[in-house]
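Trainee: Listed in order, the protein sequences are those of chains A, B, C, D and E.
The first sequence begins at 2 in my numbering and counts up one residue at a time.
The second sequence begins at 3 in my numbering and counts up one residue at a time.
The third sequence begins at 1127 in my numbering and counts up one residue at a time.
The fourth sequence begins at 57 in my numbering and counts up one residue at a time.
The fifth sequence begins at 3 in my numbering and counts up one residue at a time.
Calculated from the structure, these hints are not laboratory results.
Quick reminder that beta carbons are idealized off the backbone N, C-alpha and C, glycines included.
Please note that a few of the clues may not be correct.
[As the list claims (entries may be wrong)] Here are the in silico distance ranges between beta carbons for each label pair:
{"hint": "1", "chain 1": "A", "residue 1": "D126", "chain 2": "D", "residue 2": "G258", "range": "48 to 56 angstroms"}
{"hint": "2", "chain 1": "D", "residue 1": "D305", "chain 2": "E", "residue 2": "E211", "range": "32 to 40 angstroms"}
{"hint": "3", "chain 1": "B", "residue 1": "P163", "chain 2": "D", "residue 2": "R211", "range": "34 to 42 angstroms"}
{"hint": "4", "chain 1": "D", "residue 1": "R259", "chain 2": "A", "residue 2": "D328", "range": "34 to 42 angstroms"}
{"hint": "5", "chain 1": "E", "residue 1": "I113", "chain 2": "D", "residue 2": "V203", "range": "38 to 46 angstroms"}
{"hint": "6", "chain 1": "C", "residue 1": "G1292", "chain 2": "D", "residue 2": "G258", "range": "48 to 56 angstroms"}
{"hint": "7", "chain 1": "B", "residue 1": "A69", "chain 2": "A", "residue 2": "Q207", "range": "23 to 31 angstroms"}
{"hint": "8", "chain 1": "D", "residue 1": "V203", "chain 2": "A", "residue 2": "D328", "range": "39 to 47 angstroms"}
{"hint": "9", "chain 1": "D", "residue 1": "R259", "chain 2": "A", "residue 2": "T355", "range": "28 to 36 angstroms"}
{"hint": "10", "chain 1": "A", "residue 1": "S361", "chain 2": "B", "residue 2": "D4", "range": "22 to 30 angstroms"}
{"hint": "11", "chain 1": "D", "residue 1": "M173", "chain 2": "A", "residue 2": "D126", "range": "35 to 43 angstroms"}
{"hint": "12", "chain 1": "E", "residue 1": "G30", "chain 2": "D", "residue 2": "D305", "range": "44 to 52 angstroms"}
[Stated by the list, open to error] For lysine-lysine, the following DSBU-like pairs were computed, each having C-alpha atoms within a straight-line distance of at most 30 angstroms:
{"hint": "13", "chain 1": "D", "residue 1": "K316", "chain 2": "C", "residue 2": "K1219"}
{"hint": "14", "chain 1": "E", "residue 1": "K157", "chain 2": "B", "residue 2": "K193"}
{"hint": "15", "chain 1": "D", "residue 1": "K78", "chain 2": "C", "residue 2": "K1299"}
{"hint": "16", "chain 1": "B", "residue 1": "K193", "chain 2": "E", "residue 2": "K8"}
[Unchecked claim] From the structure, some residues in chain C lie toward chain D, with a derived Cβ separation under 10 angstroms:
{"hint": "17", "residue": "V1212"}
{"hint": "18", "residue": "T1214"}
{"hint": "19", "residue": "E1309"}
{"hint": "20", "residue": "T1353"}
As a plain string of letters, each chain reads:
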Amino acid sequence: ACGTTDTGGGGSDASGGDCDFKIGAMGALSGANASIVIPSVDGAQLALDQWDGGDCTVTLERFDTEGDPAKATPVATQIAGDDSFIGVIGGAFSGETRATKSIYQDGGIPMISQSATATDLTQEDPVEVFHRLVPYDDYQGAAIAKYLTDEVGATKVFVVDNSEAYGEPLADRVEETLGDKMVQRDKTEVGQTDFAPTISKMESAQPDAIMYGGYIAEAAPLLKQIRDAGITAPFIGGDGLYGADFGKAVGDAGEGAVVMCPCAPIDESSTFASDFEDEFGGAPGAYAAEGYDAMSVFLAALDDGARTREDVLAFVNDYTGEGLSKDIAFDENGDVPADQVSYWAYKNTDGKLTPEVEVSP
Amino acid sequence: MDFDALISGLDRHTLDGITRGSIYALVALGYTMVYGVMKLINFAHSEVFMVGTWAVLGTYTVIGATAGMGAGMVIAATVLALLVAMLASAGTALAVERIAYRPLRKKGAPPLIFLITGIGCSMVLVETFGQLLRFFFGQPFGRVTVNIPSVLETKTLFTIPGVDLAVSNTRVLIIVGAIVMMLALDTFVNKSRLGRGVRAVAQDPDTASLMGVNQERVIMLVFVLGGAMAGVAALLYTVQYDITKFDIGFIIGLKAFTAAVLGGIGNLRGALVGGLFLGIVEVYASAVWDSSWTNVYAFVVLVVVLMFRPTGLLGESLGKARA
Amino acid sequence: MPDHKTEGAVEDQVVLKDTSNHEAIEIETSGPEGSVLLEVDHVTLRFGGVVALNDVNFQIRRGEILGLIGPNGAGKTTCFNAMTGVYTPTEGKIRFKGKEIAGTKPHKINHLGIARTFQNIRLFPEMSAMENVMVGCDARHKTSVPGVLFRLYRVRPSEEELPESGIRRSFAKVFGISRHTLEERAGRRRSMELLRFVGIADRAHELARNLPYGYQRRLEIARALATEPELICLDEPAAGFNPAEKEDLMGLIRRIRDLGHTVLVIEHDMKLVLGVTDRIVVLEFGQKIAEGTPDEVARNPKVIAAYLGEPDDAA
Amino acid sequence: MSQITAAYRGLRIGDRWDGAPKPVRWFVMLLVIAFAFYLPYLNVLPFAYIRTDLTASGSDWASVLFLVVVYMIVAVGLNVVIGLAGLLDLGYVGFYALGAYSVALFGSTNSPVVQAMQSKFGFSEEWAVPFAICIPIAIVMSLIAGVLLGAPTLRLRGDYLAIVTLGFGEIIRITARNLDNVTNGATGIIGVPVPPGPEIDGRSFFNTIDAERWYWLALTILILIIFLARRLENSRVGRAWLAIREDEDAAAVMGVAGFKFKLWAFAIGATLGGLAGLLFGSKQQYVEPNAFMVQLSFLFVAMVVIGGSGNIFGALLGAFLLTYLPERFREFVDWRPFAFGVALVAVMILRPQGLAPSRRRAREFEDRRHEAEEAAADA
Amino acid sequence: MLLEMKDAVLNYGKIEALHGITVEVNEGEVVSLIGANGAGKTSTMRALSGVRGLAAGTVFFDGEDVTKLRADQRLRKGLVLCPEGRGIFPGMSVTENLNMGAYTRKDKGAIDEDYDRVFGLFPRLLERKKQIAGTMSGGEQQMLAIGRALMSRPKLLMLDEPSMGLAPMLIQQIFDIITEISQQGTTILVVEQNAKQALSRSDRAYVLETGNIVKTGSGAELLDDPSVREAYLGVA
Ligand SMILES: Nc1ncnc2c1ncn2[C@@H]1O[C@H](COP(=O)(O)OP(=O)(O)OP(=O)(O)O)[C@@H](O)[C@H]1O
Ligand SMILES: Nc1ncnc2c1ncn2[C@@H]1O[C@H](COP(=O)(O)OP(=O)(O)OP(=O)(O)O)[C@@H](O)[C@H]1O
Ligand SMILES: [Mg+2]
Ligand SMILES: [Mg+2]
């Protein structure tokens, strides 16, 4: 609240003017889930590096929350209390976003999330400052269901989730959309590796497709055990499985598994991909493009002459423009407008996720 | 709630439960041995197991083992991986003993302190595989899940007549492996001279030394044996689940510890009984309901058992002491 | 061997009263001397195949010192354990002051008025001698956990309990003093007295585990006395004592009785047993084989055969 | 390191403190308390380096202080259970969660429980149980949970209790996560109420921005709790706990109602855990099950032990260091858990009695160390 | 000389329990050590057996410097202590406890002989072969502890208060056994409160007072010494 003893950061000698700002990026930069967040922050950094701000100097401050809401609140209070921050990229996860968005609201500081997809963030309890570049989970559930029925032609889907804030509502939504095309539903846990009870349920249900709402760590052993049991039904998961490590984790058993993601494929030959590679020594990972876009929106606001939080917020609210990930605009809740929502099905072939088909829910 | 599913698939669920429980049991041995002798919960034991899984991966990578090799190669690779895993785990266990426990023993610290250094060691090991090694070696280390090649491909080995239950080679390996190791260890501790030394130290270290037992050696032995069993568990685990990850030890460790207590911590056979019992309970309950409550079933069963048998199913044995 | 009345090295903040007549630690008994205090009524106790007590029958009368002797493994300690709630008899009844106590929890039995020492010393090793005795005193204290926390239960203090200084004195006069404070003070005073009584006050503030064996034995007695028992049971109090120390112990046991406690003592040292007890009960293989005055018992051929062996001047 | 400790010992702070006259002690105590209240504003340079918001990605100082104090309350509570009564409770987070969930379940308009009450009794959509009533609810809930958990399990010996309590913590978390129509499941509950207070600048007194007010509130509660908890130590209750720890059977024969006292320890610990959880949930204005993982229990235990179990000030110190240091050194993002683990091992090996042990423990420990050292003099 | 401890100082924390004592035992002797409670008898035994290290001084056994050896290493050389307070393994059966006595031995046949010898000496142990030692009566445990010590076939057997807690008849028996073992060629060092018995059966004895040796001489001499008689025999 009162960080007047300023020693670090701000750091540009050329500043002088009144255009010396910071943008915070808040998310799990360490801990088990860091690999889902770091690429997006790197993407934001890339956007900043490529920006020619003229008089303006902007720094990107990375705040680690370990994805833990309890650790995110002091961070949010800090950002909200420091006037040199004019925008926040994040929160990366829904939980920390839920915990902090009222703080940012109180501080009047605009947020653009690259990856928080929980439905309630905008649909049940919207705040003005919150925006996101990814469509919320309801769409994804519908998209997966649509893929299952239309592309796979499934009529007996077995739905499994991981009982967590991400997997469960997603599976709920899939179940809702599928209606009686779902044969059975089962719940598992994060950290589980033995799925025998679930497999035996599958064996008796004889599904013609399997949908899993959860993360890679559990999807890998689950898939292996499904295939070991001789079940060959197609396997499809949500964006929790999207990531370069999916192929490495699932191995041979994962051949042909499908991952649904709101992220449009990044052309490997695009300048973004190569720039990213040059800068960070790897292909752009999850939400790198969204991170890039989020930063670009804020930078555009500064370009537009915005110099206060209110200005930036007003600018973001009305922003429309073409982004790397999609055409960017926010509806009154801060969401991607319904007509902009689209999903891609990626198929795991030879350990790589390759785009298969675009699905609009 | 679906009791029909449980009843109709009882044979299948039992087999699943035994498979799951066998691995718990092997890991539980490490807890139970250390506890029996030193009255301390070796919190780092879960990571001893985790290191074993990486050793398996390392072995396969180095010798280039993959799925679909010839039978002879499969056996050779598996046996090699087993040995490496046992070595790696035993070495880790020993290192933990040396670094985190021995200095405390020399200072006569109370058990609670050992618990904290154990937790500390566990964190260090987890971070080593989740962070430090990635820093030096890059992939596959890091915080992501890594696939371990199915060197031993799952095949149906035979079908139990009557119930028509197909039993795969991996399951046979796991169950037989666990039970054989357990019996071997049990025989060793109960019958051999060194084993008697272990039990003597468990009950009264001072007097044991008066009988000519070298306490430090016994403690080392206990960690090595417990670690080696975790190594065996690690191999069997990778055969069944095909993955590893820096934090894979935590949940298994928790369950194994529960199993050890369930069977009567300090009692080797208790570890087997506790492990199998826990595995079966979990699978049965998950068949009737679902797996999101697994830990709740496990702990409720634990509490119920302990209420009626306060020292676990088989009671304490390595170091039972009552005036 | 320190004198029993040594005050020397002890510097305790508690003001000590003259305890030469030990009135402060005298207890109230609930019935006339000579009446039955505890009755072991046809008690049998089995451990699997081992019959540790077999239809044992005897009584302890108020104010006496009763000896319980017998060969090793005769069931003496088991008898103590049954009386103090550690074991429940398989058959038969144990009545204390006419009330059946078999199956009652050990701490409840203590509250009823039985205390004991252990054959293998069981002090609280990391507590000082004084604190060990305080734990015993606490058995008679009434302050509850909320009472300790909030100290709302106040007592009007007597003149000598009032603090010296002005403000605190008037405060105590108006609001009283919490029962907890008073009990705490009394407990400290009594503990010190008891330590002096058994003769180990010079090491009151040392950890129990660091005391020599003989001190530990006496500390156990002090701790048991602190619970103000009507019946105190001593399990081989002289084990590990040399003859001179045993002599002292005999005096101590007599003085305990003189304070109004009834004493039950297990002991293998015949000189002590014959010298200090009023009556003796003899067990062998869990059965009572004799009962009577020391003289009668010492002459009883059964006892000689089972226990004493040929008369020996070492006895 | 040893020089520092030697110098510290040379000062003999403890002895001097005890030797000081009462008014002096009172005065010093007041100064310390006053300083503690002033801490959020501490901004004079050499001292200000303890602030956590100096570095670029630092976090809000007052919020960190608040969390420190909440964990201190936890540590004081857990110290009663572990340090005084000697019961190893690895599921303390369960009570913490209960406290947080109680205020959320009854105080938030987003809670299914409140919504059910609204429709049942025809209350308006704005209605929820007032904060003032949520406090006793939280306390009673955690107290009941403490007793419910304690009653069947306190008869167990030592480490059996550890695993059962650990299980309890997990059961609470999983239940909160799975009972969607009671707790909102994994999504958690938002809109947890805050304590009432005057409105300032159009914001309620306790809001998300002015964290120092929360800190003051928690600090006041903490001071009260310390005052009460200190009373337990040197009393018949403290002695009974110690005796039980040493030899439960012998204690019983000496008239100590072991079970009763252990249950009390559990109940007191549970209450304080619940209270801390309540503060946390209310400040956070959001609770979700994943905030209450088992690892947090281990952290709590580590606080008590590192500080020096049995001593309230040790527990406070432990809570402070283990909460504050990771926040202060945020810039070492990736290495924090690693360093944390190394620190746990190193501190305990260098100073197994804890950083600030109670005198009794220190003495016990000295004794045992000599013994062990001599016994091993030859090895 | 079989055993020689010179100028031994032993500390417990800050307390010095032995102030530089010298104890010698010759091959074939029975030596006893008497003294009041807390005199340091047990401490002497601990120092000799190696359960605790010395702050100063040396221990020679069989001509070898064993000062730096651990208890288990000394045991292998034939220096065996039957500790005070019995120190049996409470969770092991009687047989297993005896087994532990023979822990370092490999001569199967001779071990079996020793079993028979111990069971011959203490028939109660044979009766209770399978009982868990922790549940035995105090005296039974004492028998077990002595029997177990014998199972090590010691060169020098040290007994710390072997008669404690035994019934009169058994005490007699224990001393007879001590004499018998000694006649079979084992050297014995015994700590006893039962000074009369101990002195009358020992070749030599030491009197220990608060950590110092205050007297030494043959058993008979000390039995006649008036100050010893007064302090330890209970005769004025
Ligand atoms: N828990 C138990 N389980 C089995 N047997 C037991 C148990 N407790 C005692 N016994 C047996 O019961 C018998 C009586 O034991 P007790 O301890 O009462 O003897 P004692 O008369 O006190 O002998 P001592 O004088 O040697 O102490 C013994 O044979 C003992 O082995
Ligand atoms: N573990 C210990 N820690 C501290 N002091 C001890 C310890 N053991 C013994 N002492 C002290 O050392 C001194 C000698 O004790 P020791 O046990 O050797 O006496 P002892 O002659 O065997 O007496 P007893 O006849 O009572 O067995 C005593 O003053 C005792 O308090
Ligand atoms: Mg007895
Ligand atoms: Mg002694």
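Trainee: Does each hint hold? Answer for all of them.
Mentor: Do the hints match the structure? See the list:
1. A:D126 - D:G258: 48 to 56 angstroms: violated, 20 angstroms
2. D:D305 - E:E211: 32 to 40 angstroms: About 36 angstroms separates the Cβ atoms of D305 (chain D) and E211 (chain E), which means 32 to 40 angstroms holds.
3. B:P163 - D:R211: 34 to 42 angstroms: violated, 47 angstroms
4. D:R259 - A:D328: 34 to 42 angstroms: holds, 37 angstroms
5. E:I113 - D:V203: 38 to 46 angstroms: Roughly 56 angstroms apart at Cβ, these two residues miss the hinted range, so it is violated.
6. C:G1292 - D:G258: 48 to 56 angstroms: Roughly 53 angstroms apart at Cβ, these two residues keep to the hinted range, so it holds.
7. B:A69 - A:Q207: 23 to 31 angstroms: Once the Cβ atoms are compared, 27 angstroms apart, the range 23 to 31 angstroms for Q207 (chain A) and A69 (chain B) holds.
8. D:V203 - A:D328: 39 to 47 angstroms: violated, 59 angstroms
9. D:R259 - A:T355: 28 to 36 angstroms: About 51 angstroms separates the Cβ atoms of R259 (chain D) and T355 (chain A), which means 28 to 36 angstroms is violated.
10. A:S361 - B:D4: 22 to 30 angstroms: With Cβ atoms ~37 angstroms apart, the hint is violated.
11. D:M173 - A:D126: 35 to 43 angstroms: violated, 20 angstroms
12. E:G30 - D:D305: 44 to 52 angstroms: Since G30 (chain E) and D305 (chain D) have Cβ atoms about 45 angstroms apart, the given range 44 to 52 angstroms holds.
13. D:K316 - C:K1219: Within the cut-off at roughly 27 angstroms; holds.
14. E:K157 - B:K193: Holds, at about 28 angstroms.
15. D:K78 - C:K1299: Given that 30 angstroms is the threshold and the Cα spacing comes to 21 angstroms, the pair holds.
16. B:K193 - E:K8: violated, 41 angstroms
17. V1212: Holds, because the Cβ-Cβ distance from V1212 (chain C) to chain D comes to roughly 7 angstroms (cut-off 10 angstroms).
18. T1214: It is violated, given that the least Cβ distance between T1214 (chain C) and chain D is near 14 angstroms, above 10 angstroms.
19. E1309: With a minimum Cβ separation of about 7 angstroms from chain D (threshold 10 angstroms), the hint on E1309 (chain C) holds.
20. T1353: Check passed: Cβ of T1353 (chain C) comes within 5 angstroms of chain D, closer than 10 angstroms.
Comparing the model with each earlier hint shows violations of hints 1, 3, 5, 8, 9, 10, 11, 16, 18; every other hint is respected.
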